[in-house]
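Chains as they are written, first to last, in full-length UniProt numbering: chain B, 1 to 194; chain G, 1 to 194.
None of these hints come from the bench; they were simulated from the model.
Just so you know, these numbers come straight off a predicted model, no measurement behind them.
Possibly wrong hints are sitting among the right ones.
The list makes no distinction among identical chains, and a pair is therefore deemed to hold if it is satisfied within one copy or across any two copies.
Here are the computed lysine to any residue pairs in the SDA-like style, where the Cα-Cα straight-line distance is at most 25 Å [what the hints assert, rightly or not]:
(1) K48 x T78
(2) K58 x V153
(3) K48 x N38
(4) K48 x T193
(5) K58 x T102
(6) K58 x E173
Number of protein chains: 2
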Amino acid sequence: MATDRAAGRPRDRRTHEAIVSATEEMIMLHGYAGTSINAIASRAGVGKDAIYRRWPGKPELVYEALFARVDTGPVPDTGTLAGDVAQLTQALVDEFATPAATAALPGLLADFAADPALRTRLRSAFLAPARARMVEIFDRAGARGEIAGTAQVDLILDTLAGAVFFHVGLMGEPRTAELAAQLADIVTTGIGTR
Amino acid sequence: MATDRAAGRPRDRRTHEAIVSATEEMIMLHGYAGTSINAIASRAGVGKDAIYRRWPGKPELVYEALFARVDTGPVPDTGTLAGDVAQLTQALVDEFATPAATAALPGLLADFAADPALRTRLRSAFLAPARARMVEIFDRAGARGEIAGTAQVDLILDTLAGAVFFHVGLMGEPRTAELAAQLADIVTTGIGTR
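Based on the provided sequences and hints, a complete structural model is requested.
This is the structure in structure tokens:
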């Protein structure tokens, strides 16, 4: 969503990084409700407008700081659908299991629930990069003949993100080494016999 | 969780029902944070101790009032694994899509996140009835030769509940007639070719 704004002059990237780091630190120290744009700006050593030029508000900034890591780096390309989905799921697991994510999630969800315009942007902006990565994974799987019919990208993305949120974020289950692969198997292979 | 406490004398059942109804109404009117045990007791026409005899506190009461419907009624028995899982998922969809659930979820999640003892009881008490229903569904599927290997009941339950929460509760996607069957298919059949 705002990742492309980090490109450009080195000073812009440093400012972007300083703001994102300060956001994560403030969430860890004070939680979501206790973190303000003012406080983030202070900690990052920037003015408030440096933040508002880049993000519309707190939910967008916190989302990018804590939940957009799954959108960066090369798109998984392991050679199999299950392998690619497992890697994408691992990135989700790594994000949801951080203390900052656990601290931020209820407040972030409350802001989304209270603001219909924000919810609308969830699909079109927040989740667009993750969706694009999944589309690429599914295109390659389709070319290999690994995907049955038309994959419902949004529903599958919601299923994986929801599973990780519920299992790790909410239930507090441990991040075992096998978890991502197990979730990927449930979704790609299914639990039924063939 | 507290469903068996509703059994017994008719007056006990009426009290139980009055408290549960009042809870749902208060959540609809005032949201989760704005709903107190005092206010629920008032609206239900009971004393606070009538509530505390039955539930340890607000999260448990709200959870039962809004999210335990999936635990009641006969266990799905359609003859196929996919059919049974679709019915269980439909009950989840019906619950998460209510305005009261949407209103309560962020605050309920915040209480769970803030209280480790409450989180521990999530698995052992709150979700135990839903888990038992899924175990019964899997036992029958196993006897029919429909289940591959050992089904990871908790992970699959978390996947379905998480998918519904994320897709319907958070993203606000519509409750189409096909949604539950589509989610059940993802989990039982998988998206990969065979």
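So, going through the hints one by one against the coordinates:
Taking identical chains as interchangeable, the C-alpha atoms of K48 and T78 are never at most 25 Å apart, the minima being 42 Å within one chain and 58 Å between chains. Proximity of K58 and V153 under a CA criterion of 25 Å is satisfied in neither setting, with 28 Å inside one chain copy and 37 Å between copies. Taking the closest pair of Cα atoms, K48 and N38 come within 25 Å of each other only inside a single copy of the chain (6 Å); across copies the shortest separation is 42 Å, beyond that limit. When the C-alpha separation of K48 and T193 is checked against a cutoff of 25 Å, the pair qualifies neither within a copy, at 56 Å, nor between copies, at 51 Å.
Taking CA atoms no more than 25 Å apart as the test, K58 paired with T102 passes in both settings, with 16 Å inside one copy and 21 Å between copies. When the C-alpha separation of K58 and E173 is checked against a cutoff of 25 Å, the pair qualifies only between copies, where the shortest distance is 24 Å, while the shortest distance within a copy is 28 Å.
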